[in-house]
Amino acid sequence: MAQLLLEIVTPDKLVLSQDVEYVGAPGLLGEFGVMANHIPFLSALGIGSLMYKVGGKANYVFVSGGFAEVSGNKVTVLAEVAERPEDIDVERARKAQERAKQRLEREKEKVDFARAQAAMQRAFYRMKVRETAGSVASTAH
Amino acid sequence: MPALKDVKNKITAVKKTKQITKAMNMVASAKLRGAQARIERFRPYADKFYEMLGELAKGADPSVHPLLEAREEVKTVLLVVITSDRGLCGAFNHNIASAALKLAKTKAAEGKTVKVLCVGRKGRDVFRRTEFEIVAAYVNEMSSFDFSLASRIGSEVIGGYVGGAYDEVTMAFGKFVSLARQEATLLPVLPLSPAEAGEVAAEPAGPKAEYLYEPSVEGLLAELLPRFINVQIYRGLLDTSASEHAARMRSMDNATRNCDDLVSSLTLVYNKARQAAITKELMDIVGGSEALKG
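So the protein sequences, as listed, match chains Y and H. Residue numbers 1 to 141, in my numbering, belong to the letters of the first sequence in order. Residue numbers 1 to 294, in my numbering, belong to the letters of the second sequence in order.
Chain Y on its own, in the form it takes in the complex (with noise of 0.2 Å):
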């Protein structure tokens, strides 16, 4: 199968180096998928779980506040954030999303409402990808 290379970038390194076969990444306007010899195509991410096959077995990342930009069969996705399941910390993630949760019942009128929210989606997001790889894991034994 053809293949294409996946990076993923944040400021403080390099998350991601490696050939895949396919890319399904958390568009802003909507999930969208990428294989190999796909239009060169630039897109803002939204917060969630960005997904690549290797071998036919999928693999997750949770990234948040980053773009995409597919050219020449190369994927490169810059992220604020990017967390491979061995890096998230659950219970940070767990916690983060208690306190969104109470912060959103407060307020809902105030302006922090969108902030909140966010915060909500990403521990949701980091708590998913980790189960994923946590199924995994557990299936391959």
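Think of the hints as simulated: they come from the structure by calculation, not from any bench. There's no promise every hint is true.
Said to hold, decoys possible - Below, computed lysine to any residue pairings styled on SDA-like, alpha-carbon distance capped at 20 Å:
#	chain 1	residue 1	chain 2	residue 2
1	H	K48	Y	S71
2	Y	K74	H	E214
3	H	K48	Y	G46
4	Y	K13	H	N9
5	Y	K128	Y	E69
6	Y	K95	Y	R115
7	H	K8	H	L266
8	Y	K74	H	K5
9	Y	K13	H	K31
10	H	K5	H	E214
11	Y	K13	H	E214
12	Y	K74	H	A37
13	H	K48	Y	E69
14	Y	K128	Y	N59
15	Y	K74	H	G54
16	Y	K74	H	E51
17	H	K48	Y	L14
18	Y	K13	H	I278
19	Y	K74	H	D47
20	Y	K74	H	K8
21	Y	K13	H	A46
22	H	K48	Y	L42
23	Y	K13	H	L266
24	H	K48	Y	P40
Just so we're clear, the structure is a prediction, and the values are computed from it rather than from any experiment.
Got chain Y sorted already, so can you dock chain H onto it with the hints?
Below, chain H without anything else, positioned relative to chain Y:
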């Protein structure tokens, strides 16, 4: 002639100081390596970011985004002053703070209100003693920060700018030129100048295939531009941190050398004093024996 014991004590004290400055020098050089590595790791992100922005800015109208628009009447200026939290690094912090202060005074003389956002304790301490209002201070963050610090500062700056609280934003930081050179630099952050966007746009060489944009060029710019501010602030933070360690390394190196000089001149004094004491004693003895002979 100073007392022998005093000189000896002084020599011991200077030697101990030397040990400390030497240790600080080594710590600073280790930290500098870390800071430089972080700058290196940031480069791929920054390069790609500029490339993307350049690609987009080429086709876009500069007036589409509020961050690109220069205000006709500038009433309030925000200074983002990035310094270190800790001293003992020569004139490093002083240079940044005084460059910022000079700008603040010029702007104030033009009748503009100047407000300051301080990162690092040393800068805050300077501006606390001036009449300029400190809108926020990030203290004790410089020793371990990541991109989230830049985005926190960035969102505060952008929020204030879009909300009309500030009409111009300038960042003062220590640019890391080389090991031996760190420059206090003033960088205009907002409004983003079209020239800057043009400069960025000139970078990618050769014609590129037509891109498919999602959501749209304007929509992407609206996402990219605020992040551009964060990228610039992060770069300022990284540079300042590397510069701080380089400056400390050098000043501690100087201090160590000064200790050596001091020890050798004190040893000279010590030896002279000792010699004088011996001569005096000899003369006493000789005088005594001469008296006995007589």
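How the hints compare with the structure:
1. Our distance criterion of 20 Å between C-alpha atoms is met by K48 of chain H and S71 of chain Y, whose separation comes to about 13 Å.
2. For a cut-off of 20 Å, the pair hint linking K74 of chain Y to E214 of chain H stands: about 17 Å separates their Cα positions.
3. A hinted pair counts as satisfied when its Cα atoms are at most 20 Å apart, and K48 of chain H with G46 of chain Y qualifies at roughly 19 Å.
4. A threshold of 20 Å between alpha carbons decides the hint, and for K13 of chain Y with N9 of chain H the separation of about 51 Å lies outside it, so the pair is violated.
5. With a C-alpha separation of about 24 Å, the suggested pairing of K128 of chain Y with E69 of chain Y is violated against the 20 Å cut-off.
6. Under the criterion of a C-alpha separation no larger than 20 Å, the hint pairing K95 of chain Y with R115 of chain Y is consistent with the structure, at around 16 Å.
7. Of the supplied pair hints, the one linking K8 of chain H and L266 of chain H holds, its CA atoms being roughly 8 Å apart against a limit of 20 Å.
8. The straight-line distance between the Cα atoms of K74 of chain Y and K5 of chain H is roughly 74 Å, outside the 20 Å bound, and the hint therefore fails.
9. Taking the CA atoms of K13 of chain Y and K31 of chain H, the gap is about 18 Å. The hint holds against a cut of 20 Å.
10. Taken as a hint, the K5 of chain H and E214 of chain H pair is broken in the structure, with Cα atoms around 80 Å apart against an allowance of 20 Å.
11. With a C-alpha separation of about 26 Å, the suggested pairing of K13 of chain Y with E214 of chain H is violated against the 20 Å cut-off.
12. Taken as a hint, the K74 of chain Y and A37 of chain H pair is broken in the structure, with Cα atoms around 26 Å apart against an allowance of 20 Å.
13. Proposed proximity of K48 of chain H and E69 of chain Y is supported: the alpha carbons are some 10 Å apart, at most 20 Å.
14. Using a Cα cut-off of 20 Å, the hinted pair K128 of chain Y and N59 of chain Y holds, with the two alpha carbons roughly 12 Å apart.
15. Under the criterion of a C-alpha separation no larger than 20 Å, the hint pairing K74 of chain Y with G54 of chain H is consistent with the structure, at around 19 Å.
16. For the proposed pair K74 of chain Y and E51 of chain H, the alpha carbon gap of about 15 Å is at most 20 Å, so the pair holds.
17. Distance restraint check for K48 of chain H and L14 of chain Y: the Cα-Cα separation of roughly 12 Å lies within the 20 Å cut-off, and the hinted pair is therefore satisfied.
18. Only pairs whose Cα atoms come within 20 Å are accepted, and K13 of chain Y paired with I278 of chain H is rejected, the gap being roughly 67 Å.
19. For the hint linking K74 of chain Y to D47 of chain H, the alpha-carbon distance of about 16 Å falls within 20 Å, and the restraint holds.
20. This hinted pair does not check out: K74 of chain Y and K8 of chain H have alpha carbons roughly 70 Å apart, beyond 20 Å.
21. Under the criterion of a C-alpha separation no larger than 20 Å, the hint pairing K13 of chain Y with A46 of chain H is consistent with the structure, at around 11 Å.
22. Among the hinted pairs, K48 of chain H with L42 of chain Y is consistent with the structure: their alpha-carbon atoms are about 12 Å apart, no more than 20 Å.
23. Restraint check for K13 of chain Y and L266 of chain H: the C-alpha separation of about 51 Å exceeds 20 Å, so the hint is violated.
24. Restraint check: the Cα-Cα separation between K48 of chain H and P40 of chain Y comes to about 15 Å, which is no more than 20 Å; the hinted pair holds.
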